[in-house]
Every structure is written in C-alpha cells, then in structure tokens.
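Engineer: This is what each chain is made of:
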Amino acid sequence: MVEVKLHDIGEGMTEADINCYLVKPGDFVKADDPLVEVQTDKMTAEIPAPRSGVIKELLLSPGQTVQVGTTLLVMEDRSGGDHSAEFQKGTHIVKNEAEPAVAVLDRPAQVRVPVGVSARLGQILASPYTRKVARENGVNIMEVKGTGPAGRIIEEDILAFVKLKEAGVANTSKPGFEHQVPNVSEAGSELQAPTLSEAGSEEHDSGVHKDTLPFRGRRKQIAKKMVQSLYTIPHCTHFEEIDVSELIALREEIKAAGNSISATAFFIKALSIGLKEFPVFNAKLDEENESIQLLREHHIGIAVDTPDGLIVPVIRNVEKMNLKQIHGEMKRLTKLALDDKLTVKDISGGTFTISNVGPLGGSIGATPIIQHPQTALVSFHKTKKRPVVTDQDEIAIRSIMNLSMAFDHRVADGATAVAFTNRFAQLIENPKMMLLELM
Amino acid sequence: METALQTKTLTLVQAITDGLDTMLGESKEVILLGEDIGKNGGVFRATDGLQEKYGEDRVIDTPLSEAGFVGAAIGMAVNGFRPVVEIQFLGFIYPAYEQIMTHASRLRMRTMGHYTVPMVIRAPYGAGVRAPEIHCDSTESLFTHMPGMKVVCPSNAYDAKGLMIAAIEDPDPVLFLEPMRSYRSSRGEVPEGKYTVEIGKGKKLTEGEDVTVISWGAMVPVAMKAAEEMKQKGVNCEVLDLRTLYPIDKDLVIESVQKTGRTVIVHEAHATGGTGSDLISLINDEAFLYQKAPAERVTGYDTPVPYFGFEDHYLPTPKRVAAAIEKVMKF
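Protein sequence lines correspond, in order, to chains A and B.
The first sequence: position 390 = 390 (UniProt numbering), numbered continuously.
The second sequence: position 202 = 202 (UniProt numbering), numbered continuously.
Heads up, a few of these hints could be off.
[What the hints assert, rightly or not] For lysine to aspartate or glutamate, the following EDC-like pairs were computed, each having C-alpha atoms within a straight-line distance of at most 16 Å:
1. A/LYS132 with A/GLU156
2. A/LYS324 with A/ASP340
3. A/LYS224 with A/ASP41
4. A/LYS30 with A/GLU15
5. A/LYS384 with A/ASP243
6. A/LYS132 with B/GLU286
7. B/LYS330 with A/GLU155
8. B/LYS259 with B/GLU228
9. B/LYS259 with A/ASP41
10. B/LYS330 with A/GLU156
11. A/LYS56 with A/GLU76
12. B/LYS28 with B/GLU169
Source of the hints: derived by calculation from the structure; they are not laboratory data.
Since the structure is predicted, the reported quantities are computational estimates derived from the model, not experimental observations.
Sequences are here, hints too, so could you generate the full structure?
Structural biologist: Shown next as structure tokens:
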C-alpha cells in the first residue's frame with residue numbers, strides 16, 4: 001500500500017483545499033499521472049502518482065482543507081514492497097519542476113525579518129508572575145513597555161498601564177506603551193476622550209470605528225515575498241519616458257490588416273531584445289557562491305491584478321517567441337489568473353518581471369519591488385498625450401508613456417539601467433527597428 | 001507531637017543520644033549497631049554510655065563492614081526489631097549502598113506491603129569540621145532518588161531528638177542525616193521523655209514577604225545569618241528548614257513561594273542532581289505563575305569536597321547566600 005500525502009508543492013505551503021480527485025478507486029495509474037487537484041493560497045496544483053498502481057481508496061472529499069502531511073488517498077502498488085523512498089522521489093520531481101520559485105522560498109532562514117516584528121512575536125521579557133498580573137488585569141502584555149532590566153516588563157509596569165487605561169489614554173494597538181504619556185486622570189477622562197478621538201488618533205480605542213481584513217492566504221504570501229525582497233535587495237529605480245506614438249500608429253496598421261497585438265506584447269519583445277544585450281538584468285545573484293548567473297532564457301513574469309491580489313504568471317522563453325505568440329500566451333495566462341486557475345508551472349521560474357499599471361491609471365512613476373531573486377522589474381505607466389519639443393524645436397503632441405525600472409544595485413549600476421531603457425525606448429519609439437531583430 | 005513539661009539544654013548530638021536512650025528504654029526491639037558505638041560510644045560519642053546502660057546485646061559493636069551490618073539490620077527489621085545503625089561518616093555508606101537501594105528501600109514494594117523495613121541509618125554528614133576527604137560528603141540526593149527510603153536531616157537539638165524518635169517508630173527505612181558541624185555548635189531546649197517531630201513536615205523559621213530561603217541541616221544557621229543581614233537592608237526573608245528531604249513538605253514550600261515569588265535554596269551538596277534541583281522543579285510545577293525571578297541555588301561546587309584548607313571556599317557562606325537573595329530581589 002502506498003499512502004499519497006499532501007506534500008509541500010512549493011512556497012512553504014502548509015495547507016491546501018481539495019478541488020477534485022482525478023481518479024477513482026480501481027483506476028490503474030502510472031507513475032506521475034495526476035491523482036488529485038489541490039488549491040493552495042496561490043495556485044492550483046495536481047498531485048502526481050508516486051508510482052504505478054491501482055487506486056484503493058480516496059480519503060477526502062472536495063472542498064476540504066487539509067494540512068501538509070495528510071494522506072489524500074491510498075493506492076495499491078503493483079510490485080508490492082515499501083516505496084516510501086520512491087514516494088519521496090515522486091515529490092522531488094514535482095519540486096524540480098517548480099525549481100526557481102521553490103529555490104527561493106525553500107530557504108526561509110535567509111529571510112531577514114525586521115527586528116521589531118520578532119520582538120513582538122514572543123520575545124516579551126516578563127517573569128511568570130508579571131504575566132499572571134497582566135492576565136488578571138486583562139492587560140495584553142504586548143502593549144506594555146517594560147522599565148525593568150533589559151526592558152523587562154515588571155509588575156509595576158502592568159499596574160501603571162492599568163491605571164492609565166482606566167484614565168482613558170492607554171492605547172490598545174501600539175506596542176511599546178510610553179510611560180511618559182501625560183497624566184490626564186486629573187483632567188477627567190470624560191473630557192479627554194472625545195478630544196482625542198476628534199484629533200483622529202487611531203491609537204485611541206474608544207471612538208474609532210474600524211473594519212478588519214483577514215491577513216492570510218495570498219495577501220500574506222505577497223507580504224512575505226515583499227519583505228524578503230525588500231530586505232535582501234538594495235532597490236534602485238530608474239525612470240524614463242517613452243514616446244509610443246509610432247507604436248500606436250503601427251498597431252493601428254496591423255489591426256487594419258486583421259491582427260490585434262497588444263502594446264504590452266511589443267514591450268515584452270523589446271525587453272527581451274534588450275535583455276540579450278544587457279543580460280545582467282536577466283540574472284540571478286548567488287551570494288553564497290559569489291557569482292551572478294546570467295540566464296539565457298527569458299521567462300518574463302507579468303504582474304496581474306486579481307480580486308485576491310497580485311499574481312505573476314510567467315511567459316516562458318520569450319526570446320524564442322514572435323509577437324503573436326507572446327500576445328496569445330499573455331492573454332491565456334491573464335485569463336487563468338483571473339479565473340484562479342494558474343498552476344505551479346505557470347507562476348514559477350520567472351527571470352524578469354513587468355508590471356503594466358497603465359490600464360489602472362498611474363501615469364507618473366512607481367518604485368516597484370523586484371521579485372526576489374530576479375534583478376529587475378519594469379513598470380509601464382499610463383500613456384498620455386503630452387506636448388513635446390521635437391528635434392526641430394517645434395512643439396508637437398505626442399503619446400508619452402512613463403516607465404519605472406527597479407533594479408538590484410548589487411548586480412547592476414544606474415548607467416547600465418539607463419543604457420538598457422534607452423535600447424528599449426529605441427525599439428518602441430521606432431517599432432520597425434524591431435523587424436531587424438526579428439529577421 | 002507530645003511535649004513533656006520538663007526540658008533540658010542539650011547540644012544536637014546530646015539530643016540524639018537522648019532520643020536513642022528514650023527509645024532503647026521504651027522498647028526491647030530497639031537495637032543499635034555500628035563500629036565502635038559500644039565501649040567507645042561512637043566516633044562522635046553519640047552512643048556514649050548506652051552499651052553500659054542497655055548491654056552488649058542491645059548496643060552492638062560490629063566489624064568494620066557497612067554492607068554486613070546494614071544487611072544484618074535489614075534482616076532484623078524484617079523480623080520484628082527496630083535496628084538503628086550508625087555509619088561513622090556518610091561518605092562511608094557506599095559499601096552498604098547496595099543493601100539500602102536493592103533491599104531496604106524496596107522490600108515493602110516487593111512484598112506487596114507484607115513486610116516493611118523499620119530501620120534507621122544514622123550518618124553524620126557534611127563539611128566544615130576539618131575532617132579528611134570522604135569524611136565530609138553531603139550526598140543526600142543519592143538516597144532521595146529511590147522511593148521507599150525516607151531521608152531526614154535535623155538542624156537543631158529539639159528536632160534531632162523528635163525526629164530520631166519518629167524515625168525509629170517509622171515503619172520504613174529512614175536515613176537520618178546528622179550535621180556534624182552542628183553537633184556541638186549550639187544548644188537548645190529539649191523536652192525530657194518522648195516526643196516526635198513528624199517526618200515529612202518542614203518548619204518555617206521566620207516570616208517574610210520578599211523571598212523564601214530554603215535549607216536544611218548545617219546550612220540552616222547559614223541561611224538564618226544571611227536573612228538577618230538582609231533584614232538590615234529591608235529585605236524580609238522567609239526561612240524554611242526543610243527537616244525532611246524525602247518526602248519533601250511540598251505544601252510548606254509552595255505556600256511560601258507563592259507568597260514571596262522569589263526563592264533561594266541553600267545546600268552544601270553539589271549543585272548537579274542536588275535536592276535544590278528537585279525543589280526548583282517542584283516550584284516550577286506548582287508555583288510557576290507566582291515567580292518574579294528565577295530561583296537561585298547556593299550550593300557546594302561540583303567537585304568532591306576539598307581538603308580542609310579549601311573547605312570554607314566550598315561551603316555556602318552567609319555572604320554567598322546574601323548575594324543570591326540580592327540577586328533575586330533585583331531581578
């Protein structure tokens with residue numbers, strides 16, 4: 001018998017929902033055949049068969065949320081014997097498929113968490129007795145600032161906190177309660193409270209109405225990745241404006257001929273051409289081995305805004321694609337993203353990322369956060385008609401799009417980033433130049 | 001506890017002699033055995049005059065064979081006697097350890113309660129009297145580890161006699177630790193006749209709200225001295241004399257520690273595996289939420305007790321105890 005369990009299919013997941021079983025008892029499956037489809041915070045994934053055999057029993061029903069390690073189904077192994085080792089191998093294959101993304105998140109030890117966060121998560125210094133006093137007084141010890149040795153919270157801190165809270169000024173949301181809060185107990189709490197809430201103090205408990213959003217699932221994943229990226233990569237953002245008038249005209253021509261290719265597809269192709277010349281932006285910094293790996297394949301992630309948050313499906317091997325193929329793949333992935341049907345393969349392995357915020361309206365610029373461990377990310381902003389001084393010193397109305405390019409300053413310098421965006425601008429401003437590259 | 005009206009002022013060792021005398025006089029089942037305890041009255045004169053008074057059949061000089069006479073006493077106890085054996089120094093008990101651990105302490109269990117071993121093993125223990133090596137051991141926790149063996153340790157004359165009588169009357173084997181450093185260092189009022197100090201009950205020597213200081217035997221005066229010093233500094237110590245090391249008076253300890261929230265344990269035995277560790281575990285189990293500071297231990301060091309030139313450096317002193325009290329107060 002082989003028990004097929006839910007394993008971590010990447011990103012350090014801990015649980016998943018069962019979408020559906022793809023087999024039924026009695027079915028014969030070959031190794032790596034998909035058995036069950038699960039939905040994690042970020043993606044839909046299929047759990048493959050660790051080896052060939054006959055399905056004996058399905059243990060769960062669709063809709064159930066299960067923890068990693070839960071047995072999903074039992075299958076009978078044709079050849080018999082213990083196959084835990086093979087099962088391990090089976091899981092490994094899946095991991096390999098998702099290698100780049102997994103490689104990042106498999107090493108949580110490297111993630112630097114801000115000190116304040118860990119201090120708040122359980123490093124509160126207080127003796128058991130102090131904790132007891134806090135509990136008996138209904139005080140959340142995390143809100144109290146300690147005045148004892150090494151900042152330890154002592155009994156007096158709790159009692160002072162209680163006193164001030166009774167006086168109506170203690171905050172309940174801010175960790176690190178200051179003892180130097182003006183003593184208003186003499187002024188009378190009834191008078192003081194409305195004044196504070198009028199002043200819009202969010203820290204004041206009474207008088208502030210708030211809604212609470214859950215901080216888990218995709219939102220939490222995004223937060224985790226953002227923190228990892230921002231605390232690892234020294235970000236530098238370079239801004240550029242691009243004249244897309246010619247590109248718009250070209251698209252009209254193509255459209256008239258019966259083909260619709262989005263501007264983003266052109267951007268992606270132009271970026272890919274640029275990346276060939278400036279491979280440092282399609283690279284991965286390997287600090288451990290002191291090397292920068294220049295990646296030959298251009299797997300371009302496209303940030304897609306979904307109701308559940310940002311998700312980044314990846315167009316693979318853009319360097320080998322023509323504009324039509326890029327356009328088609330982009331449409332396909334965007335739809336999957338909006339339908340929440342992306343698989344682990346669709347979202348992993350990116351080497352460079354773009355974010356097209358134009359349709360949403362932002363026209364000036366942004367400081368995008370790089371997808372760790374990539375080295376760069378380009379945001380395209382809203383195209384606007386603006387007056388421009390031409391080479392002939394005349395004022396003309398042109399369609400201008402701003403671009404923000406964030407790059408890892410450890411790996412590349414500003415000059416290279418400027419050269420890269422210049423090359424990109426050259427291709428977009430004279431789109432027929434791209435023909436030369438496509439020949 | 002019965003209290004006689006008449007009292008006399010005795011040293012701790014005299015109180016022990018008085019207790020033995022009382023029980024020898026009361027019951028013919030009480031027999032004393034040991035090396036040189038008869039004519040010589042024992043190495044510390046604890047049995048002085050008793051052979052003369054009760055005869056060679058009641059107070060027996062044995063060969064130099066701890067395993068032999070402890071084993072013999074176990075046999076006598078099982079057969080209706082109440083033997084009290086003297087080990088000259090606790091450090092000499094190891095040849096008899098096998099008899100104690102595999103027979104004395106577990107016969108009641110092994111016979112499903114049909115037999116008990118009502119014997120007492122007297123053993124002077126501890127450092128501070130300038131004795132040679134092995135004569136100064138304080139290895140009480142070797143005996144508290146095995147259920148079935150009771151371990152008592154008086155710190156004063158009154159308790160010494162009362163505990164001795166209670167130990168002789170107890171149906172189970174009792175290791176009776178005698179702090180030789182305290183044998184003659186002070187005197188106390190001791191009632192004449194028979195009275196007992198209950199085994200398993202400690203005693204609160206001083207009332208205090210700030211810190212509980214727990215000790216026993218020869219360390220009680222040290223703890224008391226430190227507590228007096230701390231009182232000058234405004235710290236009120238509640239000093240407990242544990243008196244029985246097995247079974248420990250849990251109620252006394254927990255009640256006090258829950259009140260003060262701070263603990264200092266003083267014993268001259270080595271720190272590792274010492275009774276202090278057990279006390280901290282007990283406090284952790286029963287009074288965790290009352291702790292304002294981690295419990296401190298002031299103990300001998302993890303070395304054999306050194307030769308007399310260094311003995312004073314090994315033993316806890318009032319200064320060391322006071323420092324520990326300050327430490328838990330300032331935590």
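Engineer: Now look at each hint and say whether the structure bears it out.
Structural biologist: Outcome of the hint check:
{"no.": "1", "hint": "A/LYS132 with A/GLU156", "verdict": "holds (13 Å)"}
{"no.": "2", "hint": "A/LYS324 with A/ASP340", "verdict": "violated (24 Å)"}
{"no.": "3", "hint": "A/LYS224 with A/ASP41", "verdict": "holds (13 Å)"}
{"no.": "4", "hint": "A/LYS30 with A/GLU15", "verdict": "violated (26 Å)"}
{"no.": "5", "hint": "A/LYS384 with A/ASP243", "verdict": "holds (10 Å)"}
{"no.": "6", "hint": "A/LYS132 with B/GLU286", "verdict": "holds (14 Å)"}
{"no.": "7", "hint": "B/LYS330 with A/GLU155", "verdict": "holds (13 Å)"}
{"no.": "8", "hint": "B/LYS259 with B/GLU228", "verdict": "violated (19 Å)"}
{"no.": "9", "hint": "B/LYS259 with A/ASP41", "verdict": "violated (51 Å)"}
{"no.": "10", "hint": "B/LYS330 with A/GLU156", "verdict": "holds (14 Å)"}
{"no.": "11", "hint": "A/LYS56 with A/GLU76", "verdict": "holds (6 Å)"}
{"no.": "12", "hint": "B/LYS28 with B/GLU169", "verdict": "holds (13 Å)"}
Violation of the numbered hints given earlier is confined to hints 2, 4, 8 and 9; the remaining hints are satisfied by the structure.
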